[in-house]
Amino acid sequence: MKKNLFTLLLAAILFASCSSDDGGGSDNGSIVGTWDIVELNFGESVDWDGDGTSSDNLLDEIECFAGTVTFTAEGEYSSATTEINFEATETEFTITCGGPVTASGTYSIDGNTLTATDAEDGGTGESTYSISGDTVTFVGPVQIVDVEAVDGEATVVLVRR
Numbered sequence: 001m002k003k004n005l006f007t008l009l010l011a012a013i014l015f016a017s018c019s020s021d022d023g024g025g026s027d028n029g030s031i032v033g034t035w036d037i038v039e040l041n042f043g044e045s046v047d048w049d050g051d052g053t054s055s056d057n058l059l060d061e062i063e064c065f066a067g068t069v070t071f072t073a074e075g076e077y078s079s080a081t082t083e084i085n086f087e088a089t090e091t092e093f094t095i096t097c098g099g100p101v102t103a104s105g106t107y108s109i110d111g112n113t114l115t116a117t118d119a120e121d122g123g124t125g126e127s128t129y130s131i132s133g134d135t136v137t138f139v140g141p142v143q144i145v146d147v148e149a150v151d152g153e154a155t156v157v158l159v160r161r
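Mapping the sequence shown onto UniProt numbering, position 83 (from 1) lands on 83, and the numbers just tick up by one.
Treat the hints loosely; a few may be bogus.
[Unchecked claim] Cβ pair distances, simulated, as ranges:
| id | residue 1 | residue 2 | range |
| --- | --- | --- | --- |
| 1 | Glu90 | Gly43 | 21 to 27 Å |
| 2 | Glu153 | Thr53 | 19 to 25 Å |
| 3 | Gly133 | Glu90 | 28 to 34 Å |
Just so you know, these hints were derived from the structure itself, not from any lab. Beta carbons are placed, not taken as given, at the ideal position from N, Cα and C, and that holds for glycine.
Can you build the whole structure from these sequences, using the hints too?
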């Protein structure tokens with residue numbers, strides 16, 4: 001059974017990839033710029049790469065993943081992430097990386113609640129955020145399409161370039 005984990009990652013990023021530069025509780029008051037994804041946590045340790053060490057940071061388990069999000073002062077965002085696919089059988093689990101996947105849309109903020117709207121399908125998502133220096137942390141809902149057991153909350157940490 002082959003599943004596309006990209007849906008999960010993109011959902012986490014889209015739901016977490018919005019803000020404005022009004023400060024909303026941040027130290028430096030601006031999210032405008034380009035940010036690299038450094039953590040993607042789902043609160044459950046897994047050993048997807050089969051190295052014998054589990055981690056709740058998905059990026060520790062999928063070394064080929066990379067992602068960036070850019071925020072503009074005009075209230076728009078764009079993201080580029082690595083497509084992640086996995087294939088699972090009763091006895092094996094394999095992860096492969098594909099090419100880049102891009103998304104874009106608009107964002108707004110109300111207090112520490114972020115709302116993003118995807119330009120392609122008009123889908124929206126909300127998350128909460130906090131900024132400390134050059135690090136922004138988003139917490140929001142995530143669901144893997146076609147995988148019933150995965151539906152919860154993700155924490156995405158990005159660092160300013």
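Determine which of the earlier numbered hints do not hold for this structure and return their numbers in increasing order. Hint 3 contradicted; others consistent.
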